[in-house]
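Undergrad: Sequence:
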Amino acid sequence: MIATKLYGDMGDWPNEGRLSALNIRRACEASLRRLQTDYIDLYQMHHIDRGTGWDEIWEAMDVLRVQGKVLYVGSSNFAGWHIARAQEAAARRNFMGLVSEQSIYNLIVRNVEAEVLPAAEAYGLGVIPWSPLQGGLLGGVVRKERDGSRRYAGRAAETIEARRPQLEAYEDLCAEVGEDPGTVGLAWLLTRPAVTGPIVGRRTPEHLDSALRAVDVTLDDKVLARLDEIFPGHKTAPEDYAW
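Residue numbers are given in the numbering used here: position 21 of the sequence shown equals residue 21, and the series is strictly consecutive.
Think of the hints as simulated: they come from the structure by calculation, not from any bench.
Quantities reported herein were computed from a predicted structural model and do not represent experimental measurements.
All C-beta atoms in this analysis are idealised placements derived from N, C-alpha and C, irrespective of residue type, glycine included.
Just to be clear, a hint being listed does not mean it is correct.
To be verified - If you anchor each label on the Cβ, the simulated ranges turn out as follows:
#1 88 with 154: 42 to 52 Å
#2 35 with 222: 28 to 38 Å
#3 1 with 63: 20 to 30 Å
#4 230 with 12: 46 to 56 Å
Please model the entire structure based on the sequences and the hints provided.
TA: As structure tokens, this is what we get:
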């Protein structure tokens, strides 16, 4: 599957960035050339564009689908409210709308649980978590420090120190389960509502094997409850902030 995004400014002139109809067309053509393909399976809007109406956006996306250049449209970094507006506007046009939302989501960063995940479930979107191991923090950093296989400095070392009690408790639990911390972090994500598949980035074949193993790992209710104790999550809104 080929997936790519649009939004960022590619020049200094109007319509050389964001989600105007003209830029959607230009950005798609440029992506097709760079990727050397006839069509894009999943074309994702990298951010919400508050300056462009949904009717304009969906008309442009509809043209691309009719032309066979885009099969499906997704979003990234949208709030739950953005997903709702996008889908309601698409429904008025009898357009398929969004099929996916790509958000940062992991045991440490769980903000999407309040509103994005419920919106994705309600509208039938698959959630694609990025940074599923929070930049490697959930990949066994404390263990790697102890055995001398990795040294951390600067901001990474400061972040590890600030979260050391959590990370130590997490890695101890992973040892009890008998699985690599990175595998557990990914396996946990696969238990979450609406999540279809985390985006994994691996430097070695061993890292890839660890990630693929997450599909076969089952975390029981006791382990899931313990993970929630170590890394507290969010209730579905409005319970998250109302009571």
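Undergrad: How does the Cβ-Cβ distance of residue 35 and residue 222 compare with 28 to 38 Å: does it lie in that range?
TA: violated (45 Å)
Undergrad: Has the hinted range 46 to 56 Å been met by the Cβ atoms of residue 230 and residue 12?
TA: Since the Cβ atoms of residue 230 and residue 12 sit about 47 Å apart, the hinted range of 46 to 56 Å holds.
Undergrad: Against the range 42 to 52 Å, how does the distance between the Cβ atoms of residue 88 and residue 154 compare: consistent or not?
TA: Holds - the Cβ-Cβ distance for residue 88 and residue 154, about 45 Å, lies within 42 to 52 Å.
Undergrad: Do residue 1 and residue 63 keep their Cβ atoms within the hinted range of 20 to 30 Å?
TA: holds (22 Å)
Going through the hint list in order, the structure does not satisfy hint 2, though it satisfies all others.
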